[in-house]
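J.: For reference, the chains in residue letters:
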Amino acid sequence: MNNRIKEFRARFNLTQDELARKVNVRRETIVFLEKNKYNPSLKLAHDLARVFGVPIEELFVFEDNDPK
Amino acid sequence: MLYISLFVLELNNIIDMKRAIMIFLLSASVIAGCWMWLYYGNEELNTTNLLTFGVIILVLGFAVLVGIKRLKSANRGEPPKDEMSKKVILRTAALSYYISLYLWVILIYIKDKVTMDTEEVLGTGILAMAVVFACCWLYFNFRGVRSE
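In the order they appear, the protein sequences are chains U and H. Counting in this note's numbering, the first sequence runs from 1 upward without gaps. Counting in this note's numbering, the second sequence runs from 1 upward without gaps.
Next comes chain U alone, as it looks inside the complex (with noise of 0.2 Å):
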């Protein structure tokens, strides 16, 4: 799974730090979710897009392989 939290977090003008704030998560978490070292759990995913003001498809790029 991918992600566009980084495209998304620049168009918007924001920091991580900001990010971070804003889904009531650690700084750390925003830096390993844009590396991909992260899969956030549904909440911080629906939180996150709903920041963004985007479906969480357009945010996370789920592809056929992932595994489950």
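Take these hints with a grain of salt, some might be off.
Unchecked claim - Some, not all, of what chain H presents toward chain U, calculated at C-beta under 7 Å: (1) Glu78; (2) Asp82; (3) Glu83; (4) Met84; (5) Gly144; (6) Val145; (7) Arg146.
Honestly, the hints are just simulated from the structure, not real lab data. For each residue, glycine too, the CB sits at the ideal point set by N, CA and C.
Guided by the hints, dock chain H onto chain U, whose structure is given.
T.: Coordinates of chain H only, in the frame set by chain U:
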């Protein structure tokens, strides 16, 4: 309502800071305990003692690192735990437990080969478990916790 929210946030921040300060105090007390044991126990500084102190310092270094991290987080007003940090701790605990099982088997094997007191074996095991936990935490903290 806003004042109450701010008060709760401030209270949370103080609690986080207290936890970080507790880590520093605990580390200082361990160092003091080691020094007292060495100084008042008239222990000689042989290789085994030096090695033990080296490992203790390593574990304390890790604890101080965690303390500094928590203090910085508290200053930034971040939540002390979030879903990723909880997952990191969970994976760390699972992996370190698994490795520790093998560690004890190895220690029991070594115990038969060299002369070691029961206290020494237990002390070494506990210290090694702490090192394993620290290494696993560092591993997951740098590698990340993806689902696969």
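J.: Quick check: which numbered hints come out false for this structure?
T.: none
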